[in-house]
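> Chains as they are written, first to last, in this note's numbering: chain A, 1 to 168; chain B, 1 to 168; chain C, 1 to 168; chain D, 1 to 168; chain E, 1 to 168; chain F, 1 to 168.
Keep in mind that the hints are not guaranteed to be accurate.
Treat identical chains as interchangeable: a pair holds within one or across any two.
As the list claims (entries may be wrong) - With a straight-line cut-off of 30 angstroms between C-alpha atoms, the simulated DSSO-like cross-links for lysine-lysine are: (1) Lys-156 / Lys-109; (2) Lys-156 / Lys-10; (3) Lys-160 / Lys-109; (4) Lys-82 / Lys-70; (5) Lys-160 / Lys-82; (6) Lys-70 / Lys-109; (7) Lys-142 / Lys-10; (8) Lys-142 / Lys-156.
No lab work stands behind these hints: they were computed from the structure. As the structure is a prediction and not an experimental result, all values here were calculated from the model.
Protein chains: 6
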Amino acid sequence: MEPMTHEPSKTPSASAVVSRHLLMPQHANPRGTAFGGTIMAWMDTVAGMAAERHCGRDVVTVGIDSLAFKQPIRIGDQVVLKASVNYVSRTSMEVGVQVTRENPHTGEKCVATTAHLTFVALDEEGCPVPAPSLTPETADEKRRYAHALQRVRQRKERLKAETQAHND
Amino acid sequence: MEPMTHEPSKTPSASAVVSRHLLMPQHANPRGTAFGGTIMAWMDTVAGMAAERHCGRDVVTVGIDSLAFKQPIRIGDQVVLKASVNYVSRTSMEVGVQVTRENPHTGEKCVATTAHLTFVALDEEGCPVPAPSLTPETADEKRRYAHALQRVRQRKERLKAETQAHND
Amino acid sequence: MEPMTHEPSKTPSASAVVSRHLLMPQHANPRGTAFGGTIMAWMDTVAGMAAERHCGRDVVTVGIDSLAFKQPIRIGDQVVLKASVNYVSRTSMEVGVQVTRENPHTGEKCVATTAHLTFVALDEEGCPVPAPSLTPETADEKRRYAHALQRVRQRKERLKAETQAHND
Amino acid sequence: MEPMTHEPSKTPSASAVVSRHLLMPQHANPRGTAFGGTIMAWMDTVAGMAAERHCGRDVVTVGIDSLAFKQPIRIGDQVVLKASVNYVSRTSMEVGVQVTRENPHTGEKCVATTAHLTFVALDEEGCPVPAPSLTPETADEKRRYAHALQRVRQRKERLKAETQAHND
Amino acid sequence: MEPMTHEPSKTPSASAVVSRHLLMPQHANPRGTAFGGTIMAWMDTVAGMAAERHCGRDVVTVGIDSLAFKQPIRIGDQVVLKASVNYVSRTSMEVGVQVTRENPHTGEKCVATTAHLTFVALDEEGCPVPAPSLTPETADEKRRYAHALQRVRQRKERLKAETQAHND
Amino acid sequence: MEPMTHEPSKTPSASAVVSRHLLMPQHANPRGTAFGGTIMAWMDTVAGMAAERHCGRDVVTVGIDSLAFKQPIRIGDQVVLKASVNYVSRTSMEVGVQVTRENPHTGEKCVATTAHLTFVALDEEGCPVPAPSLTPETADEKRRYAHALQRVRQRKERLKAETQAHND
């Protein structure tokens, strides 16, 4: 059996990242609001950068859980993406991403999109490899850790139920 | 209260779409496999085209449910995306997308990624508007309809539980 | 002399491909209609994918014959590209591409562009190599094969005439 | 009947354009040579700029005649595109494009691709409108004018033959 | 004479921004290091976002002063861009940008590029309009303000000398 | 000490390049004028091509001096970029770039942007290597050489002054 990594545990804030983009005409549909696909691609990149910083290795996206587009983002808006690792279970890391739109003229800000993405750490041959464990420190980090743990369990149960249904 | 649409019901196959892309170097990481963000953007576009064909209106992505990257896609692979409307509830349409990678040299094919995306139909002012209802015909369409209905219910329960937790 | 390939003959439908794109603002000029160059690039990709599926090898575009833009494509239109191998002569494959624009709101469809592209199959060193022969089956496939054969002959005659003119 | 334009005739050199691109990794396939689609898009843009300069109006691509990829272009090559109007017949302008690849390390140059593209001049409503007539001056310009005139006639004959064949 | 703005003065930290990008193959030359043009475009965007946040208006880049590429950035590096307004003189704002490359595997970080960009605030008609004044607070902000003031004076002297030389 | 190159001296015109782009919607902000970052990226590419032609080697951008955006460029404008080597000092080459915007409908032309970029020639290992010396021939080339020499000296003095200031 593949051994657990012996690298020291890390905090979520040690690998958290923030990025800011300007929504330009080529990111938007003819109504002037962002394409879902553009925002998803930005979220995947920023979440992947947080996961890479946590494990110090190449990573690969394995899934997205409940991405919700809550508010439209318009051409000219500044788009702030924050990503931090919520939970780690051996080779896989759940990263939470929050996307805030900011109107630079009015100063108005609101959360536009949120999602949880899961990444796997890879070794030099591209095979899954254990990631350092995660030590949440602040109350916020602990809450996110607990919620992620719940999601991981629910996902497993859903998968089991779906497999069961297939076999019936 | 906003009335139900009086447009005739449609079948999933009436709006189903297929697209095919070539995975080029600019879609891949240095290990030669597709970026998650690129595939997500393609999935969003193809799913949105199916939703638009179903309702005959502009649509906007409101969420993604359980996107899973099952197999890597490599530079040179042909990528086949199939999207069809699974379920409609008034203004929102759930679209299933299946991504198959195909090696054009060996002929090898396998399902690489799947996801369910939800879209809302918009009127000329960009406000949500009822979409035509969906009439699944084949056994496969009926199974997908039933599963989507289950997912919609589970999503509502999860949302209720999360709101409850927030209020506690 | 390089031998003919011994791979079994294939039908046009075995390698035919279809793709669908959404015409976005970045694909269009300020009048809101598609750039010729964007559509050409999409046609080259889809035709190359059909050629690659026919020969199971890398291919390279060697020419385009009589590409005609018949109808403009507008922002928001869905663009359906169909490509199939019309004719094969040893190392070169003629692929026909038909581009249909589809307005997802009105359901209106019309052929916007057509072209014939020629590809050559390449071996691992990038040298031309024989492609499997083509066996047209349906009446439509047989008509396209006959027309392509005529074009190939006319191209050779034109080349001969041009060379003759140069030498005069 | 729409009158001929009264704008003064122009020479080919008055509107001729030249452009130079660097072939970067994102323009190439995994073998390191240019995608046909990338080169086609660059050719369309440069030819359109020459046509626009000739007529002083918006233009639209209506067709391409016998594009030939003669030599591969490699990553790192400089790509020189030259376009000039060969022939004008009322609303349509035939533009010749020659693509030269240049290796900046060895200084080696060779013609990689050639094509003839046809554009139509548009008025403010997007309707075809007469373009200024063309007055070839140099021997080279006169030869290109004569060859283009021949191509225009052959195209008309081919179209007539194809229509005839359809009606038989 | 156009009046000074009556908007309250702002600190540099109120409008400072940070962004993070992943250097992907399409941003790099065949040696695997970032194209200067890609980094410049990212610097312009991030600096423009800081300027826009400072003045609450559209802005336009009017110049760049002494951009220096100090260290190469490689494919796979994370690229952190920090921008803050250094100095404001009526309608123009000087923004300093620092680009740090970060190797996510080794954790190694170093300053790769720095530059000073100047932006002008625009009103609704696109005409220059006064920007809020700048109040540097920290020692670092005061030092940057003083250096920027020096650069602005040297630029004016150089311009005067160049004009003088032209008139001689 | 690394020896001077023994390659023969070259004139500025031997490596000068010109390129022409069409300003499309995706290159512009919502007001319809070019993004600074787009123009910078084009300037870097064209200047790098001139430097590469001068030294016959790979080059890397090391800095930009006093880039000035003088006139806005609008969607639909043709953008002409001219680059030529102004000055060479062992491994580094200063390249001047002039960007002219041209309205193809009115024929109006004006200089929109100018800048001086510095490149270093690289050997196969990516290390700086001497470039051929430069022999200005025309009066214009000699004037540009003299001005560049002045800028190089001023840059050195400024660097010295800045270092001095740091040490005080």
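> So, for every hint listed, does it hold in this structure?
Results of checking the hints against the structure:
Proximity of Lys-156 and Lys-109 under a CA criterion of 30 angstroms is satisfied inter-copy only: 27 angstroms between copies versus 36 angstroms inside one chain copy. Taking the shortest Cα distances, Lys-156 and Lys-10 sit within 30 angstroms of each other inside one copy (25 angstroms), while across copies they are farther apart (35 angstroms). In this assembly of identical chains, the alpha carbons of Lys-160 and Lys-109 lie at most 30 angstroms apart only when taken from different copies (26 angstroms versus 40 angstroms within one copy). With identical chains, the CA atoms of Lys-82 and Lys-70 are at most 30 angstroms apart both within one copy (16 angstroms) and between copies (26 angstroms).
Only between protomers do Lys-160 and Lys-82 lie at most 30 angstroms apart by alpha-carbon distance; the minimum there is 25 angstroms, versus 32 angstroms within a single protomer. Within a single copy, Lys-70 and Lys-109 get their C-alpha atoms as close as 13 angstroms, which meets the 30 angstroms cut-off; across copies the closest is 34 angstroms, which misses it. For a Cα distance limit of 30 angstroms, the shortest separation of Lys-142 from Lys-10 inside one copy, 13 angstroms, qualifies, whereas the shortest one across copies, 36 angstroms, does not. With identical chains, the CA atoms of Lys-142 and Lys-156 are at most 30 angstroms apart both within one copy (21 angstroms) and between copies (25 angstroms).
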